[in-house]
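A.B. asks: Both chains are given apart, each in its own frame, so use the hints to dock them into the complex.
So the protein sequences, as listed, match chains C and Z. Going from the first sequence to our numbering is simple: count from 1 and add 1200. Going from the second sequence to our numbering is simple: count from 1 and add 10.
Just so you know, these hints were derived from the structure itself, not from any lab. Don't take each hint at face value.
Computed footprint of chain C on chain Z, listed as stretches where at least three residues anywhere in the stretch have a Cβ under 8 Å from a Cβ of chain C [unchecked claim]:
# : stretch
1 : 58-69
2 : 102-112
3 : 117-129
No residue lacks a Cβ here, since even glycine has one placed at the ideal position from N, Cα and C.
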Amino acid sequence: MFKLNLKIALRNLFKNKVYTAINIGGLAIGLTAFVLLLLFVNHEANYDKWNPELDKVYQIRERHDFFTPDNKQNWQEVNESRIGALLQQKIPQFKYITKVDNSWGDGFALKVDHSDPIIVSNVNDADSLFFKVFPYHFIYGDRMTALSRPNAIVIKQSIAHRLFGTDKVLGKQIRVMMWRSDKGSLMTVTGVVAEPETAQSHEFNAIIHSGDREKDPEHVDNSNYCKIYALAHEVLDTLAMNKILQQVYVDFKKASFVKRKINYNDFYKNGKTPGLKAVQLKMVHSSPSYGSNWLTQIKPIIALCIFLLLISIINFVNLATAQSVQRAKEVGVKKVLGAYKKQLVLQFMFEAAIQSIIALFMATILVEMFLPTFNHHFGLELSFWYNKQLSAMVWQLLGLLLLITLLSGFYPAMVLSRYNPVSVLKGNYETGFRGIALRNGLVVLQFVIAVTFIIGIGIMYQQTNYLRHKDLGYDKSRLMNIRSNYEESFVQRIKRIPGVKYVATTTQVMGNTFNVPEEIIYDHQEFNVNTVTVTMETLPALGVRVLKGRMFSPAYKQDTVNTVILNQAAANLLGKNVVGKMYDVRDSKKKHTFQIVGIIKDYHNEGFDKAVLPTVYKVTRLGGTSSTNNLLVRFEHDKNETAVKAIEAEWKKSYPDFPIKYAFAEESFEKEMQSTNRLMQMVLLFSAISVVLSLLGLFALSAFMAKRRTKEIAIRKILGASDLQIVNMLNRSFLILVLIANLISWPIAYIFTNNWLAGFAYRINVPIWPFVIATIISVGIALLTVSLQTRKAAVNNPVDALKYE
Amino acid sequence: MMIELKNIEKYYANKGVKSYILRHVTTSIKQGEFVSIMGPSGAGKSTLLNILGMLEEPTYGEYHFMGEDITAMNERKRIELYRNHIGFVFQAYHLIDEMTVAENIEAPLLYKKIPGAERKSRIADVLDRFNMVAKKDLFPNQLSGGQQQLVGIARALVAQPSIILADEPTGNLQSAQAEQIMDLFKKLNKEENITILQVTHSEKNALYGNRMLTIEDGVVKEDVQIK
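Next up, chain Z with everything else stripped away, as it sits in the complex (with noise of 0.2 Å):
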């Protein structure tokens, strides 16, 4: 099992007045599922999703993942294993608007201090893969927002993270550029057996995982598999 959540709860205390964002969530994820999180805005999706990634801790509940218990974890190794199984793609991108294409692209490999040559050759690798050779050299603004999505996922994908962890990341894109970027993302989960876990509105972009969990007011509302 990759994932497991026991009863996560997240709230905010205010004036002695609990708002909660997250209530009871218990969950699994297996290796090689597609899994997309629906839901309302508001709804704590995002919240899920960061504490999944391990950018936010629960207020109560456990969090085991490949088997460790992350809750008792501190955070120096709570930032190794993100690093070496985890990939963020974002809605916004977030790329880093002072380096290059290449550049970005090698950034976490820099944090997982591989070797000079090898970081080369994955990211020649990536880069051709993507059909972005001839762009590596151009800094983010220079490209469109499909390119720099396509970026965004090169970089989360050249750590060979085993899961990768994306909010709304056709959200900012028209719906020529979604497809494609949603295209790819199957492609991973089918040919590379990369887990992956979005974040959507959209219905359209749901059917392309195999799973879809549904939350509302912080409870999982649904939890159905697509065939």
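In isolation and in its complexed conformation, chain C is listed as follows (with noise of 0.2 Å):
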């Protein structure tokens, strides 16, 4: 029976070659989609999962304002590197605490013997108890002892590769250089790790122990920053624990606050409250300190995939029940030869599990031919066959092919197999021709579908459009941003290169934003303000432009003591005419006086989903610096070349031991807007596949549409019709459908552009013509296709078709 079956559901899906191809194509995209999609949520659910004894490992976090982009609180992973040993102390359900650096900045430099060095993203400097929170699989070397000493690093496999060409390193020694101009200090290979199966949120290239992490700052006001992981000896129960944390923490505080002078109500005040805790570090990946986990983040490509996997299945759907037709006789001589309904229902999903299966198996090789590409656009390292969890993989796809075959089989079957016998051997197959409403119904959807997608492409191609030639406030081109600090002797070397214009520094540019907050009390208030710490040349460097007032000048020597220049967002927070105006900033114990001496054009230092903040600008050391690695050059001319080299030259000489890392301001403006960017794709490339599947499922459809008619169409034209006026008639039906999908798809488009939208802080008004567009579009393909099928059955002669019958 099973093999018969077989041969009955090959031969009529050789029979149908098109609808065949069409199913299965449909299918097997949709499938392709869901797959790649399906990798991905597997990477990302399992971060930190390598190891049972993980579930024991936690990750503490401090609430607190310092580093944040918003200047606001948050519960950050990097904490005052105090708390260690205060937890180390007081809570005995830890085993083991260790510290360990965050990866700042680009990494360092690390050189092997006489070779070149290498920048190595991501090596942290540990405190020695690293190892044994984290049960890495160590290669060579003991995971206990690696660390007890210092001057040890440990490597992971593919870093000892690429310094070395093996992994036998046991011993050897990288000369290891933190900045620019740092001597370097050598440290002994203790230990050579293997890469877990799965991602991990601490991720390090290397791990070296220096011994600094083992200490705290010595004066109580000086602060350190460090991630905290704990090893408990069971598995915790996170609420309790993170209220003895609290606390623990909150003691902590007011102990050092009386040390350090500062009144505790006055400190946490405005919203702002002490916070520590734990968090499973299973759990750290899928709850991060800013911003949206990637859950929230790929909901509008799952979302994406869940309409393409539902468009295909409707094509199926609603070509199995129009073919039924072909398939009633089958069904009627079954039932009258003793076939119970059941059977015939398992036969039907049968066929369709066939289809489901070989798209499938299509579908596997689409994504392996589409993984680099995949993988590239979006910076990950997803495998299929290698993928190290491909047999949960294999278990999800079945449950995947189990769920299409139902649903995509499942209507077809019931309705093929519920036909009469009686009605259907007499001939009479229109009484059996069922599932009309349903099948309008689907095709509603599927258009409902694509042409939102259509009007989303619009809306999203105005909106990027309108970021890319926005005023960004400063100029782009030809500016440079070397990632080091401001030295004087090096800035002078290269301002003597010819073509160089300025050079300067700031802590606040695309691509490296660093805010620090400060409260300002101008004209008995008080604001909150994001402060930067520029050079002379930064604001012309950067190309903004003044509002009013004047820019920094050497010219001025009150520029050095205690000047400052807004820009237009913290202008408007002032209120007007606030040039010449002085304003007061309260340090622990003096009061410093700045004067306004300028306003600029506000200028975006980082995506559009951000508001620019009220910022103050000095260059006087009044009141404290901040510097980060921004070295900004701007070249005269656009062909800058010979210059970059000749920086690239200076640089070599001045620190040869620290390769030069830098990029175009043009280049860090095309990372922002990457996000959008990629979306936008992703749009652009799921409704493309969606209208034409949308579009292929109409043209089968009306292609048993027209077939079915074919007595109708003939007795028609004997009567008198005009070949225009029969495809008018078959037209009609499906232009109505179009027509109410584009109705029922205009408010949804609006609701999920909008909703978009919302999310930038910059944006356009929703605009009609993507509307518009969209219905123009989807009415006139579908005519267009549906018409090449009516036509056919439209210029027929009349008599053959009634002589068939």
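C.D. replies: Right, here's the structure in full:
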């Protein structure tokens, strides 16, 4: 029976080649998108799950406002280093507590013997307990003692190969330079660890143990920040533990404030609260300190994948039910021969399963083909066949197969098996022609999805276009940003290079922004602003525009004493006519007074999802300075290759042990735009596919309809209808469906795109034309598709059709 | 007694108006009879045949098949019964287009869950008897009408039914082919004692049988034995 059913299924599929191809091809495309998504979700969901021991590892998070992008308090992964010792003392539930540096900047330079140094990212200084908390597998070396002495380095296997060309490197020495003028310290390789099977939230290429991480700053006013992880004796009740941590932390803060002569209530005001908690390691990746977690981020993509799969399933259901007329006789005869309904349902489900299996097979091929592009596009390293979770994937795919078979096969199977043998065998198929209402509904649903996609593209295109051409407030061309701090002698030397116009530093530029919050008192009122430390040439180098007052200049002695420039956002915050006015900043003991000398136009230094913060720019050291690795170089001309070469040469002369790293402002801008562009490309791809699939479905469906109405068409023609009248008659039903779909998708698309736009601080109003164009496109292409079929039916000689009956 | 009908009625109610197809049909058919049901178009012949074949249910009345009350049976039981005892032959042959001759003949055996070896021997046997061994791998559309009907009959016979219900089995055939089919029916009836019930328009075909049941307007008008 099974063999016979298989044969019938294959013969049927072969007989209707075009529809089979549309069914299976569509499903394969839908599945491909889904499998890629599944790979990504599996990768993300399995962070930090490479060893069961990790269930007992916790990340400690402190609530503070240092290093935050929005100058607000946040649960941060980097904590004050003293908390390590505090937990050691007060929390007996923790067996080991380790402190490890966060990865700042671009990485350290590693040098083996006399070869050129290379920059390696994610090289972290840790205390001696790191590998007691994290059970990494040591290929060489001993996990328990690897970091017990200072100047030890443990490297990942891949880094060993990169540095030495082999992983048998135990006992060899690596010179580690942490910044450009660092003489470096010689470290001995005490371990080579294997890359775990799943991704890690604390990702490292090498762990060094300099011995510094063991110590806390001596002076109470100084603090040092690092990540803290704890290994508990057993899996903890996180809620209960966090209550204890909170209490311990509050007591600790109070004691420390007493020493620092700070009033506890004064410090925690305006919504600021103290906080310390433990997060189970496997939850760390899905609950990031800032922004939304990966699941929220890919929600639109999940929706796209599901819609795509849905469209292909709808094609499947529609074509199967439309085709059912062809199978009606088979059903009738089989019933008369003694088949139970259940057997027939199973037969048709089986046919759906065969097609799904073929589609899945094709999808795996497509996945293999597109995975490299996909990985490249999203900066991932996913693989299918070499996936460490392949066995789990296989189960997921089988589940998916079952689901698709049920979704696509169940309804057609029910329709088919319900045929009444008596009426079918009498030759009366019309009464047996079921499911028209459902099929129309599905066509509408398909087009709702497709039209919504088209509108989506239009609006996303408008928005990205708007952002691309939006005035950034600074000139991003001919601007280079070297990852280095401002050192006068080096700056003087590169200033002499022909073609270099300005050299400056700032803590605020697109690609590397560091916000320092400050409270100022202006006109007896307190305001929160962001402060940026710059040099004289920074604002001209960025090419920002002065709205009122003046820029900093060496001509004014006062500029190195106590003058500031505001951006427009800050000026608006303070009120009217602020140029020339004074404001105060209260330091712990003293009061500083600054004079506002100018207002510049807001310029963008972060993604367009964030509004420009009210910001104060100062050159003076008064009230403290900050610095990050930004050395801005503005060139005179567009042709600046020789100047860049000269800068590189100058760098090599000054800092032979640390390779230069730089980016052009235009590249940084592209990077900021990337997430928006990616989503746009995804939507573009998915909508193109979904539109094509919907149209293919419509094409096949209209073919069936035309076939079914052959006799009706013949009779109408004999009665005097013209070809055009017939085509119109056949088109009308589809036209109505597509129009209904448009009406439904307009509000849906409006809500979705409006939601998406709301994520931008700078955005367009929802324009009308994408809606109009989507309607014209969908109706036009649908009509064209259907007409191709109906015309064929209409121009046929009616005599043939009637003779056949 | 093979078949006993008591007061069978069939009607469709439409807006309170009953339109009768069959009225007060009471008759019985014995094992080994060859009965021809005659009558004008729309008289209810096919409906009667469908009721006998358990494809339709009577609105009212009693139907006993081999002593069992059909009207009180559930569907599963009914399918079981006709699967084992009834073979159908249709005017339009109703072979499954996607199956070869051999596969078409095999289909009812599959539903009877007959083991593979026996299926093969039975199919071979039937093909041999009908002189169609050479055609066993052809599809229905590669055969003539007469040949298709032979396959239809072979399919009905292969399950070894005790009764064959034929709805105008020669209606689509030319007279030479029709005669061949009718001869075959007669032979099956005589030699293998298979009960045959056919619906026909043709007096000539009816004479092949040994009993003639005439229906008009849903009522049995005549019931005559043919010598």
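A.B. asks: Compare the structure with each hint and give your call.
C.D. replies: To see whether the hints hold, each was checked on the structure:
| no. | hint | result |
| --- | --- | --- |
| 1 | 58-69 | holds (count 4) |
| 2 | 102-112 | holds (count 7) |
| 3 | 117-129 | holds (count 5) |
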